[in-house]
Amino acid sequence: MRKFNIRKVLDGLTAGSSSASQQPPPQQHTPGSREPEIQETLQSEHFQLCKTVRHGFPYQPSALAFDPVQKILAVGTQTGALRLFGRPGVECYCQHDSGSAVIQLQFLINEGALVSALADDTLHLWNLRQKRPAILHSLKFCRERITFCHLPFQSKWLYVGTERGNIHIVNVESFTLSGYVIMWNKAIELSSKSHPGPIVHISDNPMDEGKLLIGFESGTVVLWDLKSKKGDYRYTYDEAIHSVAWHHEGKQFICSHSDGTLTIWNVRSPAKPVQTITPHGKQLKDGKKPEPCKPILKVEFKTSRSGSCRQGQVFNKKQLWMGSNFQAGTPLNSWEFCTTYRSLEEEPFIILSGGLSYDTVGRRPCLTVMHGKSTAVLEMDYSIVDFLTLCETPYTNDFQEPYAVVVLLEKDLVLIDLAQNGYPIFENPYPLSIHESPVTCCEYFADCPVDLIPALYSVGARQKRQGYSKKEWPINGGNWGLGAQSYPEIIITGHADGSVKFWDASAITLQVLYKLKTAKVFEKSRNKDDKPNTDIVDEDPYAIQIISWCPESRMLCIAGVSAHVIIYRFSKQEVIIEVIPMLEVRLLYEINDVESPEAEQAPPLSTPVGATSPQPIPPQSHPSTSSSSSDGLRDNVPCLKVKNTPLKQSPGYQTELVIQLVWVGGEPPQQITSLAVNSSYGLVVFGNCNGIAIVDYLQKAVLLNLGTIELYGSNDPYRREPRSPRKSRQPSGAGLCDINEGTVVPEDRCKSPTSGSSSPLNSDDEQKMNNFIEKVKTKSRKFSKMVASDIAKMSRKLSLPTDLKPDLDVKDNSFSRSRSSSVTSIDKESREAISALHFCETFTRKADSSPSPCLWVGTTLGTVLVIALNLPPGGEQRLLQPVIVSPSGTVLRLKGGILRMAFLDTTGCLVPPAYESWREHNVPEEKDEKEKLKKKRPVSVSPSSSQEINENQYAVICSEKQAKVIALPTQNCAYKQNITETSFVLRGDIVALSNSICLACFCANGHIMTFSLPSLRPLLDVYYLPLTNMRIARTFCFTNNGQALYLVSPTEIQRLTYSQETCENLQEMLGELFTPVETPEAPNRGFFKGLFGGGAQSLDREELFGESSSGKASRSLAQHIPGPGGIEGVKGAASGVVGELARARLALDERGQKLGDLEERTAAMLSSADSFSKHAHEMMLKYKDKKWYQF
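Just add 1 to the spot in the sequence shown (first one is 1) and you have this note's numbering.
No lab work stands behind these hints, which were simulated from the structure alone. Bear in mind that the values here come from a model prediction, so they are computed numbers and not experimental data. Be aware that a few hints might be false.
Here are the simulated EDC-like pairs of lysine to aspartate or glutamate, each with C-alpha atoms no more than 16 Å apart in a straight line [said to hold, decoys possible]: (1) K157 x E1069; (2) K228 x D1101; (3) K412 x E380; (4) K141 x E112; (5) K289 x E250; (6) K283 x D360; (7) K1155 x D387; (8) K52 x E1069; (9) K299 x D387; (10) K465 x E524; (11) K230 x D260; (12) K273 x D239; (13) K230 x E1104.
Turn these sequences into a full structure, and let the hints steer you where they fit.
Written as structure tokens, this is what we have:
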């Protein structure tokens, strides 16, 4: 007799009374249950939460900058984010605390620093010499708004233009204001009677640093002399200015205007522009001014010493760029670009965005490249945010030698090669195509089989497009980190267009491996009349909702928004299938009306008995032709139409079977809420708010098709009555109908293993039934359509990204999966959806003496049901004999909807589901292999398969509110943990970490928690992220080794870790942005320019802007805010031995660089001295014996 322990009862009561508090209560264990004697190794010190890296395209970009020496690209966003890109694999994410939009970025070229200007009128100095950049200084302008900034090369003085038209000067080293101020009224003097508007441009003359070119929005440009503090020249144009650019010789500059014109000005001729160009305007015959065009938002003026490969060529045709394809179009409007340059070799590149004529309706945004008489118009897929021309030299007073243009689009980053004919684009190596179609679901797999990534890469390499530039990606700064993680990681994303992408996420990098298009098996509507059969899929009928993947067998199964399931098998061989295998399933659910006379005739479900599954039914090659029932309602019609023509399948994932739910009595099929596939059993299972269906994808047959309440049998806690039968509708056990011309043959129906065999009704009973059904239909048709519409709309909101649909309130009942999105106020209990599915080999009933294959089913009402699986032998017998499935009668209850289930063995190790190792199915097998396959029976590779009889297992079940560990086969609750009372769990996963396992949960209140297994002892509870929209809830997922991710924006994936070991090694794994690079030499002035002073004029800005000469700035103008970047930088670089070595190596490299520069300068001085001595000696010998009067 077991001894009663009163202390356990008191502990349980104490834990229960404290469960209402915010902190998670201690774990509870049931009195009298046998506690597992398992040694748990995970402790709280093994856990720490921190962000690792962010992948994807910067969401809502607003600014762009490039360091031509370090070869680093920076992108700012409207949310205050900062993304830095170096060589492929070197990326960095930073965030301004204020969250204000970044309006401009300025690199301190080759200094490892960056200045950001924000919309809240603050300037920030970022230190890029550490792996995690941090802010060193901030300057907040109090009285004026920042509009434009300019930092000359190798200068520490930053020019800041404001909305009032004034220019302030900031010392970048100390981040303090200079007393030198250029006021707008002094700049324009009497050239304008009104305010010239905000500053839109500031730049110094390439040949004279003392001359500053200031552009005002109204159209006035001033050349300001910094030394004399007055304007030398003023240039006025009657159209607003958007941008200004210098020619490298400093004698001309070009302006872009709001009417689509370009004006070229000589510095010494302010009266009128030398030339006015309207690149896309229609030239009138009478010599009148061309018609106005859209504004030219930006123009760049770059020169090349060599004439490039375009000498003698004239491009008179428009080139349209769409993605990577170029095609010839109609000729451009004829105009001649007359320049003042004498040779083609000196003709500049004029690159501009915008300026299209207003009559080009529907034209995409364009980038125009003009070089001499050659012109190319490159059409973009999205709006142009900004662009920069990449040049060989950072010096503005030399030929820039442009070689590429980087174009920042609203949703893409494009790099155009200027050195090749046709201007091809570079192949982008960054993972910026995550949002190519909106992400609808996401899964994360760590520690995958080592041969999986090479296999996916080999088939994905064949999908790459052609026509890219042959040159290497020019943005190649920084160095890779020292990757401490050696295990492979894969991320799978499902998209709104039906595509599925596989990503290599190993070692905190991301690279696309393979893309699968699931919509290829369906017929696409070619006109507006040919719409889908349901209003819930009007926009993206192929959108992916759920992904189930087995990495070991490489079997993939997806569920789409149109209530369709597709099973894929991986193959390296190309095949052509004549007929696409397809099944149609009628999955419906009804509750009897009170007046129903047939309610008492429904046979109650008793303890299930073994039953054989139906014989395999030949799959249909196309949807059923029956489109309506006898009463005119749409019936037996799927939402999508499968192609009936041969389908060529490339190497990779190939279609094994397509399953579709069909309309039933004018009601659309409900969206699938859960999905699971098992390669060892050859089964796939899915469920929704109506019920569950199990399909044998090897035999292409439906094994089970039951309403949710029919799984309970007599154990239904809600006492719901089974559905009432309807004429011309299948019984609940019918899964696949062989329908022809609207007739249904009872013998061809797939019956439930538990459905009783009743005698057919006589004619009188049938007539009464028909009359009653028609009466009910007439009264409730409008109501049912309204409910179906509401369900469809709510399901649609939950299934699609938030950027396509409005966000749902967190407090909305539709958000909680404990009350499914399909639940209405009238039908709460009856609409019990299937929320979790798990194949395993365990004990199905209390009386079982050994584990056997089974399926565990979790519902949104917190119920766990078990279905037993009786599998035939392997080999050919598996394809001939049926699989027997039957509900076991086992029912377990938890609080809240079921999210996740897993199983442990007696040692506490995770029992993985059985799987079949991958093999090539499209290659004929040898005779020996066939013999082995005949004898083979699919068994679990888990430890449970080798357990002796009477050894226990433990089921771990996580719901929205609590977690339980249940001992099997006794089904006693060993441990219980109430995870949350005031919120609910969005995602729960049982994951491996540090040679042990734990339960990781993410709650809607923003908390991330972990619990030990099997004792469910709390290990981590950190407030991380409040739930702001459905996107986070839909994409958040945990995986092994302490990794997790979610979609932080519609275009970006945020990865994080909850492992202490990963957090400690993260500093070493991150790449370095700054690397010691020698600054290129300044351009040679030449003998005559040096003799006569024709070269670039330098300026002592320290003497001009320093406190001694200009005084102090007003304290009320701006406030200096010191940043934590210095301290964080030292801490970050000093963490770990590798960090110290890297820091020392960097210091030695910089010191060696400086010593090398000093040595070279010394050698040059010695050589110059020797040359001077030699010339002097020759001069002395020449004039030694000559008199003064001799010439």
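Okay, the hints, checked on the actual structure:
Among the hinted pairs, K157 with E1069 is inconsistent with the structure: their alpha-carbon atoms are about 32 Å apart, more than 16 Å. Note on K228 and D1101: the hinted pairing holds, with a Cα-Cα distance of about 10 Å set against a maximum of 16 Å. Proximity of K412 to E380 is assessed by CA-CA distance (about 14 Å); at most 16 Å being required, the pair is judged to hold. With a CA separation close to 23 Å, the supplied pair K141 and E112 exceeds the 16 Å bound.
Restraint check for K289 and E250: the C-alpha separation of about 32 Å exceeds 16 Å, so the hint is violated. Of the pairs offered as hints, the one joining K283 and D360 holds, with about 10 Å between alpha carbons and a cut-off of 16 Å not exceeded. Straight-line distance between C-alpha atoms of K1155 and D387 comes to about 36 Å, which puts the hinted pair past the 16 Å bound. For the given pair, K52 sits about 15 Å from E1069 by alpha-carbon distance, which is consistent with the 16 Å threshold.
Simply put, K299 and D387 have alpha-carbon atoms about 8 Å apart, close enough for the 16 Å limit, and the pair holds. Straight-line distance between C-alpha atoms of K465 and E524 comes to about 25 Å, which puts the hinted pair past the 16 Å bound. For the suggested pair K230 and D260, the alpha carbons sit about 33 Å apart, so the restraint of at most 16 Å is broken. Distance restraint check for K273 and D239: the Cα-Cα separation of roughly 11 Å lies within the 16 Å cut-off, and the hinted pair is therefore satisfied.
For the proposed pair K230 and E1104, the alpha carbon gap of about 14 Å is at most 16 Å, so the pair holds.
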